[in-house]
Amino acid sequence: MNDINAAIDVYEVDASLAQLAIGLMELASLNADDTPEKIVALCHRALTPVGQVAAVCVMPRFAGLARRTLDSLHAREIKVVAAVNFPSGSASVSSAELETQAAILAGADEIDLVYPFYALLGGDRQIGAEIINACKTRCGRAALTVTLETGVLRDPQVIHGASCVAIEEGANFLKTSTGKHILNATPQASRILIAAIADSGAHVGINVSGNVRTLDEARVHMDLVKARFGPRWREQGRLRLGATSLLDDLLIRLGVGV
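Mapping to this note's numbering: the sequence shown position 75 is 84, numbers consecutive.
Simulated from the structure, these hints should not be mistaken for laboratory data.
Given the structure is predicted, the values throughout are model-derived calculations rather than measurements.
Wrong hints could be hidden among the right ones.
Within a straight-line C-alpha distance of at most 20 Å, the following computed EDC-like cross-link-like pairs (lysine to aspartate or glutamate) qualify [as the list claims (entries may be wrong)]: (1) Lys88 / Glu244; (2) Lys189 / Asp42; (3) Lys47 / Asp80; (4) Lys235 / Asp42; (5) Lys235 / Asp225; (6) Lys189 / Asp43; (7) Lys47 / Asp257; (8) Lys88 / Glu46; (9) Lys189 / Glu226; (10) Lys235 / Asp208; (11) Lys189 / Asp208.
Between beta-carbon pairs, the in silico distance windows are [unchecked claim]: (12) Asn40 / Gly210: 32 to 42 Å; (13) Asp23 / Gly132: 21 to 31 Å; (14) Arg54 / Arg134: 37 to 47 Å; (15) Ser103 / Gly266: 43 to 53 Å; (16) Ala138 / Gly266: 38 to 48 Å; (17) Val59 / Ala138: 19 to 29 Å.
Note that beta-carbon positions come from the ideal geometry of N, C-alpha and C, so glycine has one too.
Sequences and hints are given; from them, build the entire structure.
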């Protein structure tokens with residue numbers, strides 16, 4: 010009987026965590042072969058049988074379509090995030106600035122800017138601040154996420170330094186990766202970003218993206234955020250889970266998946 014009760018307790022905890030994770034998710038479609046039909050399908054998927062996700066992330070050219078589709082589904086509270094400077098992390102300030110402006114005008118609620126990580130590895134520590142500052146100005150009231158591509162930067166000091174620059178220039182979220190490289194989100198990367206946020210004292214969140222496919226993997230990052238920011242971490246908007254493939258596992262855990 011004790012074993013049965015223990016199993017029930019574990020199931021209930023997992024189900025509660027899965028439900029919470031769905032509300033933190035950012036579903037993305039950021040592929041070269043994306044079509045309007047795929048973006049519409051993504052928006053429909055964002056309204057799961059057990060609740061809505063937090064956001065959908067698309068290329069700037071689809072921001073308007075995503076916003077209109079979600080509005081037609083009476084899901085105005087789901088944010089539309091436009092990925093700019095994606096995935097290359099170009100060092101062109103003007104290009105990222107124009108992309109940001111166009112995405113905002115098209116209806117994006119938030120901007121996800123890829124940090125010029127190759128330029129940083131090449132020794133240019135200034136361009137990151139310039140490009141973030143320019144895009145932040147164009148964002149207006151829209152939130153700005155800065156994707157640091159931690160799997161390419163690798164060095165903890167370099168990642169921490171880039172995180173601090175992003176925070177100083179007004180980032181609202183720090184994101185671990187684009188999901189387009191072999192090494193993406195790791196617990197170590199999350200720890201570095203969380204530490205930079207905590208040290209700054211700024212109200213900034215973390216977006217864990219790439220290689221988070223199961224509830225158990227998501228749990229690790231959720232626990233890290235909770236441990237650093239306390240029991241009100243969810244209400245404070247401290248975490249997003251930018252892991253599209255995670256949704257399948259969460260729905261299965263909640264008994265509504267295939």
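Hints, verified against the model:
1. Lys88 / Glu244: Within the cut-off at roughly 16 Å; holds.
2. Lys189 / Asp42: 15 Å, holds
3. Lys47 / Asp80: 17 Å, holds
4. Lys235 / Asp42: Violated. Lys235 to Asp42 sits at ~37 Å, over the 20 Å cutoff.
5. Lys235 / Asp225: The given pair, whose Cα atoms are some 15 Å apart, holds under the 20 Å limit.
6. Lys189 / Asp43: 15 Å, holds
7. Lys47 / Asp257: 17 Å, holds
8. Lys88 / Glu46: 19 Å, holds
9. Lys189 / Glu226: Holds: Lys189 and Glu226 sit about 19 Å apart, inside 20 Å.
10. Lys235 / Asp208: 16 Å, holds
11. Lys189 / Asp208: The hint is violated at about 29 Å.
12. Asn40 / Gly210: 32 to 42 Å: Given a distance of about 38 Å, which is inside 32 to 42 Å, the answer is holds.
13. Asp23 / Gly132: 21 to 31 Å: 46 Å, violated
14. Arg54 / Arg134: 37 to 47 Å: 40 Å, holds
15. Ser103 / Gly266: 43 to 53 Å: Holds: the Cβ-Cβ distance is about 44 Å, inside 43 to 53 Å.
16. Ala138 / Gly266: 38 to 48 Å: Cβ of Ala138 to Cβ of Gly266: about 43 Å, so the range 38 to 48 Å holds.
17. Val59 / Ala138: 19 to 29 Å: 41 Å, violated
Violated hints, in rising order: 4, 11, 13 and 17; the structure is consistent with all others.
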